[in-house]
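Undergrad: Each chain, written out:
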Amino acid sequence: MTSPFFVSAQTLSQTDPKDWPKDLISSQNLIYSSKATLAFNSPGAEGFGVKRAALTMPESVLLLFSPGCCGRNTSAIGGPTSQYGQRTYYLLLDETDIVTGRYLPKIVEAASEIMAMAKPKPKVIMLCSTCVDALLGTDMEQLCRKVEEKCSCHALAATMYALTREGHLPPMVAVRRTLYSLLKKQPKDPRAANILGFFTGLDKNCELYELLACGGIDRVYELGCMDNLKAYHKMSSANFNLVLHSEARLAADDMEKNFQIPAIELFRTYQLSKITNQYKILGQILGLKFKLQGYEGEGNVLTEKFSQDFKGINVALGEGVNADPLDLALTLLRLGLNVPEIFAAPAPTQLPQLKAIADLSPDTKIYSNLHPSMMFYEDNLAQNIDITIGLAANYYHQECKNLLFNSDEQPFGYQGLKKLLSGLRNTLAPKRNSRGKG
Amino acid sequence: MHKLLTVLTPFAPDQSGAVAALFQLGGIIIICDAGGCTGNICGFDEPRWREKKSAIFSLGLRDIDAILGRDDRLIDKTGNLIEIFKPNFLALIGTPVPTVIGTDYAGLAKIAEKKFNIPVINVPCTGTRYYDVGVEEAWTALLEKFFPENSTTPKSTPKTHIAGVLGATPLDLGVTEYNEIILENIAGYTDIRPIGFTNFDDFLAIPSFTHNFVISNSGLKLAKLCQEKFGTPYTINFPLYKLIKNFPFLLDEASFVKRILIIHEQILADTLRTMILSVNRKAIVTVGTFFKQAMENHKTNDKKFDSEQALRDFLHKQKFDLIIADVALKRVHPSIKCCWIDLPHFAVSGRLLSDAEEFY
Chain A
0 MTSPFFVSAQ TLSQTDPKDW PKDLISSQNL IYSSKATLAF NSPGAEGFGV KRAALTMPES
60 VLLLFSPGCC GRNTSAIGGP TSQYGQRTYY LLLDETDIVT GRYLPKIVEA ASEIMAMAKP
120 KPKVIMLCST CVDALLGTDM EQLCRKVEEK CSCHALAATM YALTREGHLP PMVAVRRTLY
180 SLLKKQPKDP RAANILGFFT GLDKNCELYE LLACGGIDRV YELGCMDNLK AYHKMSSANF
240 NLVLHSEARL AADDMEKNFQ IPAIELFRTY QLSKITNQYK ILGQILGLKF KLQGYEGEGN
300 VLTEKFSQDF KGINVALGEG VNADPLDLAL TLLRLGLNVP EIFAAPAPTQ LPQLKAIADL
360 SPDTKIYSNL HPSMMFYEDN LAQNIDITIG LAANYYHQEC KNLLFNSDEQ PFGYQGLKKL
420 LSGLRNTLAP KRNSRGKG
Chain B
0 MHKLLTVLTP FAPDQSGAVA ALFQLGGIII ICDAGGCTGN ICGFDEPRWR EKKSAIFSLG
60 LRDIDAILGR DDRLIDKTGN LIEIFKPNFL ALIGTPVPTV IGTDYAGLAK IAEKKFNIPV
120 INVPCTGTRY YDVGVEEAWT ALLEKFFPEN STTPKSTPKT HIAGVLGATP LDLGVTEYNE
180 IILENIAGYT DIRPIGFTNF DDFLAIPSFT HNFVISNSGL KLAKLCQEKF GTPYTINFPL
240 YKLIKNFPFL LDEASFVKRI LIIHEQILAD TLRTMILSVN RKAIVTVGTF FKQAMENHKT
300 NDKKFDSEQA LRDFLHKQKF DLIIADVALK RVHPSIKCCW IDLPHFAVSG RLLSDAEEFY
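Listed in order, the protein sequences are those of chains A and B. Residue 437 is where the first sequence ends in numbering that gives the first Met the number 0, and the numbering goes up by one at each step. Residue 359 is where the second sequence ends in numbering that gives the first Met the number 0, and the numbering goes up by one at each step.
If you're looking for bench data, these hints aren't it; they were derived computationally from the structure. A virtual CB, placed ideally from N, CA and C, is assigned to each residue, including glycine. Any given hint could be a false lead.
Covered stretches of chain B (in silico footprint by chain A; criterion: 3 or more residues with CB under 8 Å from a CB of chain A, positions within the stretch not fixed) [to be verified]: (1) 0-6; (2) 25-35; (3) 50-58; (4) 85-96; (5) 123-130.
Here are the simulated DSSO-like cross-link-like pairs (lysine-lysine), alpha carbons at most 30 Å apart as the crow flies [as the list claims (entries may be wrong)]: (6) Lys34(A) - Lys336(B); (7) Lys21(A) - Lys109(B); (8) Lys109(B) - Lys364(A); (9) Lys336(B) - Lys118(A).
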């Protein structure tokens, strides 16, 4: 029987990333788009892709101009009653349009028609282009200018260039940059900070808000929580940016350059000690002494109890989750759980995490969801999985209990850890080791 | 504005149709895209993807491949999969990217065929056309590949009292299982092979079919080719009306109204029209479609819509007592005052027939 490709944590951690098997590099192989991959490899029907991300801009509508195929799966999120469906428009291109470029003036015309009909009247129109325009070299800046002149509104380019996903400006980096590009310089507000990285807000119970407030920073702005453009513009008054997702780095760099707003990058981790260390460092940078004992103490109690109750259970996890899969694996391994399988191809920069995983669990199998041989993955390949976390692992072990852990409300910090552990506990309860739908 | 969708979402494109046609035939299907088109198909347009496995892969094109025209990447990436999968054929499915860069599909198919020593077909989809074109092109390419002009398959291939059902894909039928199609005997046949829902052996048995039933326009060209090549007669009809969840109610409702509009795939809609007229001779039934329209089933007042706006204008100008159509289309004229029976069309709304809403 043909088997899916995998590599053990030990083997991979002992190999120079330059020599990692090319099976782990998606661009080197045909790509298998199983249900495990849809939310991150081809978002649209699931997850946040460029279109849904672009609509994070308050008071905006989106015009996708493309062959019909590029907008097809938006039907899944674009029903008539959804907030996305009511704000998404499509200008369909045919072959003659593409060959002659005659569609470019039509975009301006379509934008004008949309502005006349859309209720409430939008203030921003996101012009979403696709691989076609990437290859034709469409001048999106000029196109936006023409739309702005004709429609008296803001026009921004949301480039859905799947072809460039491994290039210097991948689509999800570009769209984050675009989303902050309307901001204008204004006086600083020492009591304000931005959180960059996600398209939805942090869990409102996250201690980060409280910690910042104790330090006098009581205005925290997040794009995904902005109801209108007026609120959005406050973001350029922030004293600093907290970058919680690496794909927002470029946007933060722009804001530093244009508005002199410095950025501090935090990593979303579920390891208690790292959460504490990260907050301590943040406090030092801001010149604040965060009172962490209470949160840390509660975290200690929770993790110890969790470890006692669930030590030795087998967890499979992977992509499609509000976590870095390797960090999540390491968190659980350090709590005494077993992680026999990780469905996520690591990046070379994750070698230290990989080494830590290999120290605790050298035989952990690492699979690449996108590899063609994953078609041969059968549930019975890995016996005794007690629970899966995330969409990808759920796909491979559909009979197991599953914690999706991919809500729009973003977990972070101690609160994130608490949410993870309670989610696992609730999914596993009442019977620890039974297999069945969770 | 023509081609502007303000309330509808785009319909299933040609590459989805091509994949739907080939899904169960045991080939390796390579979609020549960056990943998004494959995601559209697997994540949305192919409901069987959730239940069945098929060797469908994205070529994973990157900008540098497209700019430099590195078609050889396909050969490199496919390499050892041929040995692993032992496919019946390799299918190259086009998308907008190769369309823009002018990929020579035929040349690429020839190289692959020589290199891998298996039959290779190409379906030059563009993403700008509808699914029915893709279904038709995929089946035509497969037939031409396995039964070429100069093939020795004689017209007098022994017939074995098998009925072929041509044009069956989930995109039109709104079902995912073979059993759902073979609800009952079709015109006295007990051995019925719905191409698109059966295996490759059934496709290879096409010359021995006694009769073909064309249930959607995407199967019409295949039927004509089978008649030409193997002398197989065909009938255009949709004998599977029992698949329609609302069918009893629909017929009942249609039996006492006068002006009726059916919007769906033309052959299904035309069959419904015939059945309605058999219980209500006074009815004036108009068939409308966004997709292929065959002259064989075309009546004077029938309508081909080429845009959302065309449907909107039509609904505003014409008065109907009853509309039978995918309820997603109602968004075009939400205040319309007439009875509307939901008849889901997967290629329009991504809903199966069993998803039909029971409100009217």
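Undergrad: Now, for every hint given, state plainly whether the structure supports it.
TA: To see whether the hints hold, each was checked on the structure:
1. With 6 residues having a Cβ less than 8 Å from any Cβ of chain A, the segment 0-6 of chain B passes the three-residue criterion, so the hint holds.
2. For the segment 25-35 of chain B, the stated coverage by chain A holds: 5 residues have a C-beta nearer than 8 Å to a C-beta of that chain, and at least 3 were required.
3. Residue count for the segment 50-58 of chain B with a Cβ under 8 Å from a Cβ of chain A: 6. That meets the three needed, and the coverage hint holds.
4. Note: the segment 85-96 of chain B has 3 residues with beta-carbon separation from chain A under 8 Å; the three-residue rule is met and the coverage holds.
5. Coverage of a stretch by a chain is defined here by at least three residues with a beta carbon nearer than 8 Å to that chain's beta carbons; for the segment 123-130 of chain B and chain A the count is 4, and the condition holds.
6. Distance restraint check for Lys34(A) and Lys336(B): the Cα-Cα separation of roughly 41 Å exceeds the 30 Å cut-off, and the hinted pair is therefore not satisfied.
7. About 27 Å separates the Cα atoms of Lys21(A) and Lys109(B), which keeps this hinted pair within 30 Å; it holds.
8. Taking the CA atoms of Lys109(B) and Lys364(A), the gap is near 39 Å; set against the 30 Å cutoff, the hint is violated.
9. For the hint linking Lys336(B) to Lys118(A), the alpha-carbon distance of about 23 Å falls within 30 Å, and the restraint holds.
Of the numbered hints given earlier, the model fails hints 6 and 8; all others are met.
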